[in-house]
Amino acid sequence: MLSSELNKLVKVSIIGSPAVGKTSMLKLLSKNTIDRLYMPTHGFDLKTVKMDDFILKVWDMGGQNQYFRAYSRDSLLGTDLLFVVTDSSPRNVLNSRELISFAANFIDKECPIIGIANKQDLVKKDGRMEAKRVENILKVQTHGLTAIDPDHRVLLTDIIKNELKKIAVRRRLKDIEL
Amino acid sequence: MNFNENELFGAALIGFDMIDGPFLRWKKAYKDFSNLVNLDDFAMNFYLAFRGGNAGKKPRAILYDEFYIVAFPKDLELCCLFMKPNGVDKNIQQLNKVAHRIMTDMEIPDDDGEQMEVEESVDETVEEIKRLIVNILSGVEMSTPELRRYFKLSNSQIWKVMSELETARKVKRTDTKKGRSVFWTVQ
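So the sequences go chain by chain: A and B. Residues in the first sequence are numbered consecutively from 1, following my numbering. Residues in the second sequence are numbered consecutively from 179, following my numbering.
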């Protein structure tokens with residue numbers, strides 16, 4: 001593969017506890033129909049999404065402990081952009097904070113970690129937290145999302161496009177250094 | 179059909195726990211096959227091999243050096259039949275019936291709570307189960323037996339969890355009826 005092609009490849013990893021909406025987020029991104037019936041992801045699912053000049057390889061990792069323990073090390077390797085998804089419930093947000101510390105061991109220091117406070121449609125209904133509160137706990141940049149709402153696709157792509165610009169700059173700087 | 183059920187030397191049911199992932203629910207040896215494969219270690223690999231990812235083609239049988247496995251999913255569970263290679267390709271449908279019969283047979287003692295020892299859940303796990311159930315039931319209706327299959331829980335344990343969620347007004351019963359099963363959704 002040519003280096004110009006390699007520069008267009010971006011590995012995006014999505015992690016989080018079970019049933020927080022990682023796969024819904026992937027479906028939202030890849031314009032697939034979102035089914036409300038929950039089916040857990042076994043191992044991981046991999047999809048390719050084109051965005052501007054970039055080709056995103058999006059890794060949706062199964063949230064079950066066994067999968068994460070067995071595969072996180074290998075599957076997070078080389079991640080350019082890491083999403084940590086929570087369902088915005090207090091308990092899950094606290095767990096996600098631990099997940100971030102754990103995942104940080106396997107990614108580059110310069111890899112951005114973005115928190116997703118998902119299920120924002122339920123915030124007023126059952127005590128889930130708003131994105132700002134989740135961000136204060138996770139201590140990483142966090143965005144609110146309702147992954148089952150197709151209208152939120154623009155929000156998600158904007159977040160990614162913003163990070164892609166930074167990734168492109170970092171890669172150019174690295175090329176110059178070399 | 180040249181299938182002979184006697185070629186079967188073992189069967190196993192790999193269950194799926196929403197918190198821990200795949201686990202060996204039970205195994206049944208018709209002949210000793212412990213030297214061929216350690217099921218406790220390989221349960222997750224088999225589960226992933228047959229059910230990995232969310233979409234795309236999934237294998238129905240995998241041939242190994244000394245044996246092959248034909249697997250049949252049922253909801254989140256996977257029934258694996260271990261056999262010696264001998265013209266299996268035409269026998270898939272027949273094996274499917276066998277797998278479902280075995281699963282049905284093995285389900286009966288489970289209803290009496292005798293088949294599987296369920297560990298007493300620590301509070302933390304119960305709270306995680308409750309969080310997951312609320313997420314799973316968001317916008318959908320599911321019966322108690324369907325929900326039970328997502329976790330390593332006995333009938334009494336899932337009922338205890340659902341009752342507590344109901345008392346906390348997180349879930350409610352719906353009007354849907356299917357046999358004696360109660361259906362649930364979020365409040």
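In short, the hints are calculated from the structure, not lab data. Heads up, some of the hints might be wrong.
Unchecked claim - In silico DSSO-like links for lysine-lysine, alpha-carbon gap of 30 Å or less:
1) Lys236(B) / Lys206(B)
2) Lys235(B) / Lys57(A)
3) Lys338(B) / Lys124(A)
4) Lys11(A) / Lys235(B)
5) Lys125(A) / Lys356(B)
6) Lys252(B) / Lys47(A)
7) Lys47(A) / Lys338(B)
Evaluation of the provided hints:
For the hint pairing Lys236(B) with Lys206(B), the CA-to-CA distance comes to about 24 Å; that is within 30 Å, so the pair holds. For the proposed pair Lys235(B) and Lys57(A), the alpha carbon gap of about 20 Å is at most 30 Å, so the pair holds. Among the hinted pairs, Lys338(B) with Lys124(A) is consistent with the structure: their alpha-carbon atoms are about 27 Å apart, no more than 30 Å. Proximity of Lys11(A) to Lys235(B) is assessed by CA-CA distance (about 24 Å); at most 30 Å being required, the pair is judged to hold.
Restraint check for Lys125(A) and Lys356(B): the C-alpha separation of about 29 Å stays at or below 30 Å, so the hint holds. Straight-line distance between C-alpha atoms of Lys252(B) and Lys47(A) comes to about 26 Å, which keeps the hinted pair within the 30 Å bound. Proximity of Lys47(A) to Lys338(B) is assessed by CA-CA distance (about 39 Å); at most 30 Å being required, the pair is judged violated.
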